[in-house]
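Number of protein chains: 2
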Amino acid sequence: MEKPASAFSRVRRRPKRGIYQREVIEAILDAAPFCHVGHIVAGRPVVIPTLHWRLGRNLYWHGNAASRMLKTNAGGGEVCVTASLFDGWVMARSGFNHSANYRSVMCFGTARALIDPAEKEQALAGFMEKRFPGRWGKLRPVNHQELKATLVLTMPIEEASAKVRTGPPHDDPEDLVWPVWAGVLPVLLGYTAPVPAPDMPLGVTDAPPAPP
Amino acid sequence: MEKPASAFSRVRRRPKRGIYQREVIEAILDAAPFCHVGHIVAGRPVVIPTLHWRLGRNLYWHGNAASRMLKTNAGGGEVCVTASLFDGWVMARSGFNHSANYRSVMCFGTARALIDPAEKEQALAGFMEKRFPGRWGKLRPVNHQELKATLVLTMPIEEASAKVRTGPPHDDPEDLVWPVWAGVLPVLLGYTAPVPAPDMPLGVTDAPPAPP
Numbered sequence: 000m001e002k003p004a005s006a007f008s009r010v011r012r013r014p015k016r017g018i019y020q021r022e023v024i025e026a027i028l029d030a031a032p033f034c035h036v037g038h039i040v041a042g043r044p045v046v047i048p049t050l051h052w053r054l055g056r057n058l059y060w061h062g063n064a065a066s067r068m069l070k071t072n073a074g075g076g077e078v079c080v081t082a083s084l085f086d087g088w089v090m091a092r093s094g095f096n097h098s099a100n101y102r103s104v105m106c107f108g109t110a111r112a113l114i115d116p117a118e119k120e121q122a123l124a125g126f127m128e129k130r131f132p133g134r135w136g137k138l139r140p141v142n143h144q145e146l147k148a149t150l151v152l153t154m155p156i157e158e159a160s161a162k163v164r165t166g167p168p169h170d171d172p173e174d175l176v177w178p179v180w181a182g183v184l185p186v187l188l189g190y191t192a193p194v195p196a197p198d199m200p201l202g203v204t205d206a207p208p209a210p211p
Numbered sequence: 000m001e002k003p004a005s006a007f008s009r010v011r012r013r014p015k016r017g018i019y020q021r022e023v024i025e026a027i028l029d030a031a032p033f034c035h036v037g038h039i040v041a042g043r044p045v046v047i048p049t050l051h052w053r054l055g056r057n058l059y060w061h062g063n064a065a066s067r068m069l070k071t072n073a074g075g076g077e078v079c080v081t082a083s084l085f086d087g088w089v090m091a092r093s094g095f096n097h098s099a100n101y102r103s104v105m106c107f108g109t110a111r112a113l114i115d116p117a118e119k120e121q122a123l124a125g126f127m128e129k130r131f132p133g134r135w136g137k138l139r140p141v142n143h144q145e146l147k148a149t150l151v152l153t154m155p156i157e158e159a160s161a162k163v164r165t166g167p168p169h170d171d172p173e174d175l176v177w178p179v180w181a182g183v184l185p186v187l188l189g190y191t192a193p194v195p196a197p198d199m200p201l202g203v204t205d206a207p208p209a210p211p
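Residue numbers (numbering that gives the first Met the number 0), protein chains in the order written: chain A, 0 to 211; chain B, 0 to 211.
Calculated from the structure, these hints are not laboratory results. Worth double-checking, as some hints may not be accurate.
Note that identical chains are pooled: a pair holds if it fits in a single copy or bridges any two copies.
Straight-line C-alpha distance at most 25 Å; calculated DSS-like pairs for lysine-lysine [to be verified]: (1) Lys137 x Lys70; (2) Lys119 x Lys129; (3) Lys15 x Lys129; (4) Lys2 x Lys129; (5) Lys2 x Lys137; (6) Lys15 x Lys70; (7) Lys15 x Lys137; (8) Lys15 x Lys147; (9) Lys2 x Lys147.
Extracted from the complex, chain A is given alone in its bound form:
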């Protein structure tokens, strides 16, 4: 994927920020804890946030089997899955040159619902292991009813692009002496102290580390 897989997935605006390398796309998908799935319902665009995960060259998302989004996605309609990380406010001397630092991936395609319960369970275990290594084996095992009530969708990461901005503001040369602070206010997704469930017995104290 050194080049866009299709004219549709080519980055249009600021094409120099467009990246089509698989490792960059995969790293952003792994770093973003959640994504936004866009699909068409009754002719109108609908964008819904959901958790996603990547295993190999495939993207996954899931939820309750009764979900309108998932049923629509499983029906074979086109989707656009976009995962974005906001990395900072870029403050220039002019309003016009203000910007944002970010990493973003768009994946286009059609999704497939996993049918085989074993394949489903493997994908769900992969999700947990990706975000919280070692946790799946410690959990109360998943049962038949739960697998049935869970719809797992997958889509190959093929028609995809990344877009990234980093670094300081780019001001017009004549603005550099303007007496206002310029630079970047870096933003990050951080974690505060884990909050144990109020109904957890004393003695179970192994809070998992936050995902990277």
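Fit chain B to the known structure of chain A by using the hints.
For chain B alone, kept in the frame of chain A given last:
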């Protein structure tokens, strides 16, 4: 907006998490630094991250006048603007009862491009003042060419809904004794120290405070 404005904007999945109160919707739009705009291009859904802001009962987004997204949006097609904040991983005793804490808003409608330069400038000033109060007046003033090169879109916040999950995991009663850590790993958008632009003269040291 105590009730959904339309059947389309009614929260389907987990309807108890659906909220239609204007103050809740506005607070989430103000807290989220960026949103995802979904629209339809050549019959396919396209979801693009962008900065947004709210002034009164209207939502705004903007960018380069050459942007495909903005030109499509300005053309009167339906959009879905979704702004989401990921607040925490919710860790249960079973994989099935794992969840996420989040705040999310979806706004449906069609956008209008601001034409009048004064109205445009007022909207852009409102954006800066909303995120960085007092900064607009310190900047090198916006000029005619910049206003012309900037497309500002607005949409009334009418057909909108919020969806929120907070609090601890909800496990099956028989799982409560399962010996695994359960609780919430809280996530927040945080800021690290401002990074001054390398081309900023010494002495300009008033880095603006991070937005709330």
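Results of checking the hints against the structure:
Taking the closest pair of Cα atoms, Lys137 and Lys70 never come within 25 Å of each other, the shortest separation being 31 Å inside a single copy and 51 Å across copies. With identical chains, the CA atoms of Lys119 and Lys129 are at most 25 Å apart within one copy only, with a shortest distance of 15 Å there and 45 Å across copies. In this homomeric assembly, Lys15 and Lys129 never come within 25 Å of each other (Cα to Cα): the closest approach is 31 Å inside a single copy and 30 Å across copies. Proximity of Lys2 and Lys129 under a CA criterion of 25 Å is satisfied in neither setting, with 28 Å inside one chain copy and 39 Å between copies.
Proximity of Lys2 and Lys137 under a CA criterion of 25 Å is satisfied in neither setting, with 42 Å inside one chain copy and 42 Å between copies. Only between protomers do Lys15 and Lys70 lie at most 25 Å apart by alpha-carbon distance; the minimum there is 20 Å, versus 37 Å within a single protomer. Proximity of Lys15 to Lys137 under the C-alpha cut-off of 25 Å is found in neither arrangement, the shortest distances being 46 Å within a copy and 31 Å between copies. For the homomeric pair Lys15 and Lys147, the shortest alpha-carbon distance between copies (23 Å) is at most 25 Å, but the shortest distance inside one copy (45 Å) is not.
Taking the closest pair of Cα atoms, Lys2 and Lys147 never come within 25 Å of each other, the shortest separation being 39 Å inside a single copy and 32 Å across copies.
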